[in-house]
Amino acid sequence: MSYMIALAGNPNCGKTSLFNELTGSRQRVGNWPGVTVDKKEGTYKKDKEIEILDLPGTYSLSPYSAEEIIARNYLVKEKPDAVINIVDGTSLERNLYLTLQILETGIPTVIALNMMDEVEDRGDEIHIEKLSRAFGVPVIPIVARNGRGIWELMEKAAETAREKRAPMKLPVFDKKLQETIDQVKALLEAEGEPDSGWKAVKLLEHDENVREQMKEDLKNQAGKLTAKRYGQEADLEAEIADQRYQYITKAVKDAVTKHSAGCVETKSDKLDKLFTNRILALPVFAVIMYLLFACTNSENFLFLGIPSPGIWLAGVVESLWGGLTGLAERALAGASPWIYSLVIDGIMGGLGSVLGFIPLVLVLYILISFLEDCGYMARIAFVLDRIFRRFGLSGRSFIPLLQGFGCSVPAVMATRTLESEKDRKITAILAGFMPCGAKLPIFALFASTLFADNNQTLVTYSLYVLSIVMAVLVSLLLNKFVFREGTSNFIMELPQYRIPTLKSVLIHGWEKVKGFAVKAGTVIFVSTVLIWFLSGFNLNSFNGKNAAENEDGSIMCGMNDSFMASVGNVIAPVFRPLGFGEWRPAVGVITGWIAKENVVVTFAQLYQEDVTEAYLEEYFSQYSPKELEELGFEGGVYNAEAAGDIYSENILFEGSDENALPHMRDDIQTKAAAYAYMVFNLLCMPCFAAVGAMKRELKTWKETGRAVAVQMAAAYTAALLVNMVGGLFL
Amino acid sequence: MALAMMEVGETRQIQAFHGKEEVKRHLQDLGFVKGGTVQVVGENASGMILLVKGVRIALNRGLASQIMVA
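Going down the list, the sequences are from chains A and B.
Under this note's numbering, read the first sequence as residues 8 to 737, first letter to last.
Under this note's numbering, read the second sequence as residues 349 to 418, first letter to last.
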């Protein structure tokens, strides 16, 4: 006999920590049907017969948000064998409000009293027995983050499920209200409605969801019943909420002995004095953001002369991948040219460019998860709310936008936490503007080649600033002309500051990176192979002409004659006003839609093609033997075989040399055009994986299409302005 | 008077909410009930931080001016 046990509780009550402790690695993440809310299921570590389901965190079981509807439908319709209701011991009253609603469903329940360590630190005492008696179900004290008490909890939950021990009926409501509820219940029972007790309460609460599914005359009869007792205008919903809270307040007063009467200033309050301070909050925020990005992608970490953790990790991954590529090269030494090219140039080269910045994204997301889990992110959303409000957004939009600096896919997914639909739609569009990890290589490439004689950090930094400026402008415009419903309210719980465990930070960080890693493994993998094919083949590959012409009998062709060149030539004119209307930059833009990092991969392939043997020989002739040796030529002697590799590794994209990319200069002639190219790639439609995520959040293709159109229009306008105005100065 | 007029450190009782029904429900779920106490623990340019049912909740000033206290 197997059991299903559901975890339910408020947001920030430690539900996810408990779920992770109970299931370990045996988790499955899916979606609830029809909505984009994660459905997490897992098997209990110590008993394979017990399945555990993590319900979304909610404050109540009213039907006003996707999370609440999921949680209540699951409890009422699917009926798990037991519910573990996790309650934060440091804020009992508010947490127990949900508890009363769960108990009304009649499902066997156990209360897990979490954060007991913090309760003890405060010197408060909770009488477990009294609390258990007041709510009619077992109460087990636990500390989810270190596992204290969780095995006893599971034993109790399994026992409760086995014995189908339904919760006792509680004297929550006063006599008059209880009688009304009982009358309505009897009415529903007579009509054969299932779950009549629960539905009776919901009917009196004016629960839209329950009312919709009920027959008209039943509703009318119930309405008459209540009108008789309470009058026509009665607000029973508020009355019920009030009586629930009264019951809870009394129970908590009986069961809890506070160390000190009244409200003492907690550690959280002291920290809030700084982090939400009227004057200091923003400077402190700026410092924290600086540290965040310094840890992620700074070559000179905090001016210590060492690389940041992100850059260091990226270096390690790159050198490992280089070794692997070397092995593959040796293994394929005798294979046919096209197989060699597919594996080395297509697969290894393409995936290598992605692997190079996965560590940056990973480090950024681990740090973001730390800020979220410790409670700071909620504060910063609040502090920024005033500023965001001016642009027609809520401070909550900051969190998805910050994630956009890593990858657009999780950033767009994070917009689902926003309450207002308008904020969700606008933020999903703006998230695509952010300089995600995959766009950084584009800036690095351009800065080091076409802007070799300028301050390269400044060039990259200016694009960061531009992305934020564009986000502000586009949000203002959308608020003025498209969405005119005014700004939404800001209501957010500020959880206690807690130092999260390393494990939970790593798990949360990984959950965000996962979407990106999966994308790298699928979309990017397929697209690199596709680009390789389109840029190495043409129609003559398949009629034998290429094979006859090539000395080695290869069926491949030069990039200039490939399918890719044909496509690029067709769309290039569109980009002429922007300053880069040649086929190669155009191809770069297209491959960037498959995945932004492809822009660099494409450039590497497109321009390397033009580096012929004759060109290499002439190029290296300017060096002395000593310099040649330093570059990697054995004994300082020029060697045609090694020249190609040395050129592409040391010179092609390393910059500083005017001659490094002769053909790139032909295609993108002015600095204004080069900057316009970066701007266009920064702002235009994000990669297809991100567009897919936008479709999931915006629901329809029509909405998604409109969002992409806004992004394209913004990108084209900005790039056009850069090329025209910049052309006057640069 | 409106909650928005309260000073930091002040504690008062919630009396009524003048605003949309759905916002009222959300506030209720978060612990804002008629007769319940609310304490202002902090404020800044964005709004106020309130202590309600033992939990800290941040509200923007516009919303805080729709909640009546006594």
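Treat the hints with care, as some may be off.
[As the list claims (entries may be wrong)] Residues from chain B that face chain A, not an exhaustive set, calculated with beta carbons under 10 Å:
#: 1; residue: Ala350
#: 2; residue: Met353
#: 3; residue: Arg360
#: 4; residue: Gln361
#: 5; residue: His366
#: 6; residue: Arg373
#: 7; residue: Gln376
#: 8; residue: Ile397
#: 9; residue: Val400
#: 10; residue: Arg404
#: 11; residue: Ile405
#: 12; residue: Met416
#: 13; residue: Ala418
[Unchecked claim] With beta-carbon atoms standing in for the labels, derived distance ranges:
#: 14; chain 1: A; residue 1: Glu162; chain 2: B; residue 2: Gly410; range: 23 to 33 Å
#: 15; chain 1: A; residue 1: Glu240; chain 2: B; residue 2: Met416; range: 13 to 23 Å
#: 16; chain 1: B; residue 1: Met416; chain 2: A; residue 2: Trp319; range: 28 to 38 Å
#: 17; chain 1: A; residue 1: Val472; chain 2: B; residue 2: Met416; range: 18 to 28 Å
#: 18; chain 1: A; residue 1: Glu240; chain 2: B; residue 2: Glu370; range: 12 to 22 Å
#: 19; chain 1: B; residue 1: Arg360; chain 2: A; residue 2: Ser469; range: 20 to 30 Å
#: 20; chain 1: B; residue 1: Glu358; chain 2: A; residue 2: Asn284; range: 15 to 25 Å
#: 21; chain 1: B; residue 1: Gly410; chain 2: A; residue 2: Pro290; range: 43 to 53 Å
#: 22; chain 1: B; residue 1: Arg360; chain 2: A; residue 2: Lys222; range: 42 to 52 Å
#: 23; chain 1: A; residue 1: Ser469; chain 2: B; residue 2: Gly367; range: 40 to 50 Å
Derived by calculation from the structure, the hints in this document are not laboratory data.
Even glycine gets a Cβ: it sits at the ideal position worked out from N, Cα and C.
Output the numbers, in ascending order, of every earlier hint that fails for this structure.
-> Checked against the structure, the hints that fail are numbers 1, 2, 3, 4, 5, 12, 13, 14, 16, 17, 19 and 21, while the rest are satisfied.
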